[in-house]
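**Student:** Sequence:
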Amino acid sequence: MSLTEIARFADLTEAQIAASRLRAEGVSVLLQNEYWGTSDFIMSIAMGGFRLWTPASEAEEARLLIAELRGAAPPLDPEDDDPVAPPDAPAAQVARTGVALFLAMTFGGVAGFLVAGPRRPRGGHHAVLAGVAMALATLCGVVGLLLVGAWLSVGLR
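In this text, residue positions in the sequence shown follow our numbering: the first is 2, and each later residue adds one.
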């Protein structure tokens with residue numbers, strides 16, 4: 002039985018999710034470099050990331066499943082064949098980010114995570130918003146420290 006590489010991933014968690022989905026569909030899968038990634042992240046990059054391998058006879062089905070996962074198509078409602086709206090529409094995500102930014106600026110950087118949660122941005126404008134939010138939270142923290150320092154220096158005189 003010969004193995005065929007069907008996908009590469011830079012993120013270990015994403016590779017494990019893809020491997021789990023393939024196993025759930027009955028496809029035999031091997032996740033290469035999994036243990037390198039848990040022990041040495043830089044080495045996993047040098048090894049070419051995390052690779053998924055399947056038997057050659059199951060490669061086409063596995064590639065289709067991986068493409069479906071990477072496309073993240075919304076699930077179908079069983080009663081009608083129209084796609085169901087995703088639970089977090091972009092407008093809701095932007096509103097949540099705005100509220101998190103307000104909380105972070107008002108109460109400190111950690112308070113923003115009460116609304117936004119510590120999830121990783123997926124690129125695009127979400128990465129920009131997350132970067133702006135973290136920059137403003139850091140700026141608020143620095144200004145707060147400067148104010149406390151000034152207050153203490155005046156109080157010690």
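A portion of the hints provided could be inaccurate.
Said to hold, decoys possible - What follows is a set of in silico ranges between Cβ atoms, one per label pair, in the way DEER data are often shown:
id: 1; residue 1: Val149; residue 2: Glu6; range: 13 to 23 Å
id: 2; residue 1: Ala11; residue 2: Leu65; range: 44 to 54 Å
id: 3; residue 1: Gly150; residue 2: Gln17; range: 24 to 34 Å
id: 4; residue 1: Thr107; residue 2: Gly27; range: 50 to 60 Å
id: 5; residue 1: Glu6; residue 2: Leu147; range: 49 to 59 Å
Derived from the structure by calculation, the hints contain no laboratory data.
In this text, a Cβ means the ideal position worked out from N, Cα and C, and glycines have one as well.
**Student:** List, from low to high, the hint numbers that the structure doesn't satisfy.
**Tutor:** As far as the earlier hints go, 1, 2, 3 are violated by this structure, in ascending order.
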